[in-house]
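Colleague: One letter stands for each residue in the lines below.
Number of protein chains: 2
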Amino acid sequence: MFKFVLEHVDKNTGARAGSFYTPHGVIKTPIFMPVGTQATVKAVTTDWLRDIGAQIILANTYHLNLRPGSEIVREAGGLHKFMNWQGPILTDSGGFQVFSLRGMRKISEEGVSFQSHLDGSKIFMSPESSIKIQENLGADIIMAFDECAPARSSRDYIVPSMERTLRWLERSKAAKTREDQALFGIVQGGLFEDLRIYSAKKTAEIDLLGYAIGGLSVGETRPEMLAILEATLPHMPEYKPRYLMGVGTPQDFVEGVLRGVDMMDCVHPTRIARHGLAMTSKGMVSIKRAEYSRDFTSLDPDCDCMTCQNYSKAYLRHLYKSGEILSSMLLSVHNLNFLLKLSNELREAIFEDDSIRVLKRLYGEMGYEF
Amino acid sequence: MFKFVLEHVDKNTGARAGSFYTPHGVIKTPIFMPVGTQATVKAVTTDWLRDIGAQIILANTYHLNLRPGSEIVREAGGLHKFMNWQGPILTDSGGFQVFSLRGMRKISEEGVSFQSHLDGSKIFMSPESSIKIQENLGADIIMAFDECAPARSSRDYIVPSMERTLRWLERSKAAKTREDQALFGIVQGGLFEDLRIYSAKKTAEIDLLGYAIGGLSVGETRPEMLAILEATLPHMPEYKPRYLMGVGTPQDFVEGVLRGVDMMDCVHPTRIARHGLAMTSKGMVSIKRAEYSRDFTSLDPDCDCMTCQNYSKAYLRHLYKSGEILSSMLLSVHNLNFLLKLSNELREAIFEDDSIRVLKRLYGEMGYEF
Chain A
1 MFKFVLEHVD
11 KNTGARAGSF
21 YTPHGVIKTP
31 IFMPVGTQAT
41 VKAVTTDWLR
51 DIGAQIILAN
61 TYHLNLRPGS
71 EIVREAGGLH
81 KFMNWQGPIL
91 TDSGGFQVFS
101 LRGMRKISEE
111 GVSFQSHLDG
121 SKIFMSPESS
131 IKIQENLGAD
141 IIMAFDECAP
151 ARSSRDYIVP
161 SMERTLRWLE
171 RSKAAKTRED
181 QALFGIVQGG
191 LFEDLRIYSA
201 KKTAEIDLLG
211 YAIGGLSVGE
221 TRPEMLAILE
231 ATLPHMPEYK
241 PRYLMGVGTP
251 QDFVEGVLRG
261 VDMMDCVHPT
271 RIARHGLAMT
281 SKGMVSIKRA
291 EYSRDFTSLD
301 PDCDCMTCQN
311 YSKAYLRHLY
321 KSGEILSSML
331 LSVHNLNFLL
341 KLSNELREAI
351 FEDDSIRVLK
361 RLYGEMGYEF
Chain B
1 MFKFVLEHVD
11 KNTGARAGSF
21 YTPHGVIKTP
31 IFMPVGTQAT
41 VKAVTTDWLR
51 DIGAQIILAN
61 TYHLNLRPGS
71 EIVREAGGLH
81 KFMNWQGPIL
91 TDSGGFQVFS
101 LRGMRKISEE
111 GVSFQSHLDG
121 SKIFMSPESS
131 IKIQENLGAD
141 IIMAFDECAP
151 ARSSRDYIVP
161 SMERTLRWLE
171 RSKAAKTRED
181 QALFGIVQGG
191 LFEDLRIYSA
201 KKTAEIDLLG
211 YAIGGLSVGE
221 TRPEMLAILE
231 ATLPHMPEYK
241 PRYLMGVGTP
251 QDFVEGVLRG
261 VDMMDCVHPT
271 RIARHGLAMT
281 SKGMVSIKRA
291 EYSRDFTSLD
301 PDCDCMTCQN
311 YSKAYLRHLY
321 KSGEILSSML
331 LSVHNLNFLL
341 KLSNELREAI
351 FEDDSIRVLK
361 RLYGEMGYEF
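Protein sequence lines correspond, in order, to chains A and B. Mapping of the first sequence onto my numbering: position 135 corresponds to residue 135, and the numbering continues sequentially without gaps. Mapping of the second sequence onto my numbering: position 72 corresponds to residue 72, and the numbering continues sequentially without gaps.
Calculated from the structure, these hints are not laboratory results. Some hints could be false.
[What the hints assert, rightly or not] With a cut-off of at most 30 Å between alpha-carbon atoms, the simulated DSSO-like pairs for lysine-lysine come out as follows:
1. A:Lys11 to A:Lys42
2. B:Lys321 to A:Lys122
3. A:Lys321 to B:Lys106
[What the hints assert, rightly or not] Which stretches of chain A does chain B cover? Using the computed rule of at least three CB atoms under 8 Å from a CB of chain B, they are:
4. 20-32
5. 36-42
6. 70-82
7. 208-221
[Said to hold, decoys possible] Calculated Cβ distances over 12 Å to all of chain B for the following chain A residues:
8. Trp48
9. Ser113
10. Arg164
11. Lys176
12. Glu205
13. Arg274
14. Gly283
15. Asp300
16. Asp353
Note that the Cβ used here is the ideal one computed from N, Cα and C, for glycine as well.
Kindly produce the complete structure, drawing on both the sequences and the hints.
Modeller: Take a look at the structure:
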């Protein structure tokens, strides 16, 4: 039911083009994956996601387990039916939220006790319960339960945490029962290159359908993150998809792909959209700026999304200043379209061994800064 | 450029079916008109409005004059282009907001001084300035500047106010310069039947392309409102469209149409949508109710809107409880579709002299209460 075909590796950068076959369709990589935390990509319909070429979307195990509850999603026929998205879906393990949201928590070998961010109730999550929840949700790709260690944790903290994450991966794999879901393991190791390499090698020893890199984009600088990627990626299986978790500015996305990452996700494009920020082929646009009050041109003349085809910057500014929901809707669609078109552009360039041109365009004519 | 054809009057109720020709298309009446206060029907795209058969939408002169400013809309090419809606548009005069929003105001023969609800700045509005703003906005139908008197005003208050509104109508008409806009006058008179009749007759003496009834649905009971309608409508021109302003529950809409109203508007359907309330063929549904947590059926089995075709009550409840924008989007589309389908149903029934069946269905199988 699952197959990853590595179609081409850019001779000059190591960027990869592939096809990942899943029960709900083929994912052409490299790909940016929109995030639908609570079973909806915020302010965007699934029709629009299809229109802009989204190939796979994410949903969050932690949030959906608290509300509406994974049993309800299972009874609904699974996430695809519940949220009306027939393409591939990936759920995270809940680990990231358990470790990043507010509230007390206690980690043991068995799992993690923590408090719900909604009502403070006590919850216990383990590799087994995470897999059970993810089987209820029914995504195509599910993630092993891991600890995402706090940013800049010490070596003394990271080593046992990373070792436990490896043991939790074995337990996640053992707990899995559904054949129509692909389990990905997650490489951890903080900002220590040797620990990352160790974690990558140990994770690769476990036969899985895909491998992820977690614990990045949690506060480190971009050069630090890229150094870790460069150290880690050579030790990850070549013929399996590689997923860099929670990373998604245009710069991170292109830099990651050029180093050999196949999949990335982030709330960044929809979150900044709700704050009036748009990614464009001429850099970031803050739509609230007074200079756009009489600018009747589109947000991005190079963009084919419904926002740019139908609305002016002056109108988008008016919507944002007026607090209108349509502002979030139109800017979210636009930003997701931007990253999906960037995915396509990278894929084409990879086949021509010229993915570097996308990086040059990003920092050149598009005006993004490293 | 404008023509109203009265196609049929229900022999049993007086309900009317007609066609109103405007520069941006024909409006088949009776019709409910969605409200786009700030040049957007909240949480709904203009594509969706087209899909659900919206024929004409409203925008608010007061709000658009404050932000972004009518000059900017004029420079954008008018409201149609600014907000990407190619069908007919109606703008109110600003009078209702001037008299209903918070802040000090001073009424004189010349016009009204008031404070902006946005920044407290002093603004003066007169029949001439209202028409000028509405010409900048460029809607197909524009409204005369009137005073919407406070609910349950005394006869002593209403008489001079109503007389001034008649003088303001003459000035509104004299100020108008554009040929491609139809000016409607507004009947006032509070809850006094004789004053309403007087206002209707005096307003009808002024040759206009349409006539509206204002100052209702501002706090009076439904029987009080309907009594005023019944007293007023016989004195309004028969062969011109009749518009009941700001009225829009399903009950008000059907009751109004059966008494001979052709057009109505209200923020009600989209406002209650944002509070999780849906109009359905089985009455009002409050989507937050626990009973829907495992209800995987659609909101309304009789509904063909995108919400009912693709999503379950359980999912809609989840979205609402999670505070997701998609909740407002999906419920707003549904509620507008409900009133537009009710418009169609009324129109068909009118041609069969059986509009009473829609009223019976509303209070019978649909379960709405008078």
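Colleague: Among the hints numbered above, which are violated by the structure, and what are their numbers in rising order?
Modeller: 1, 4, 7, 8, 13
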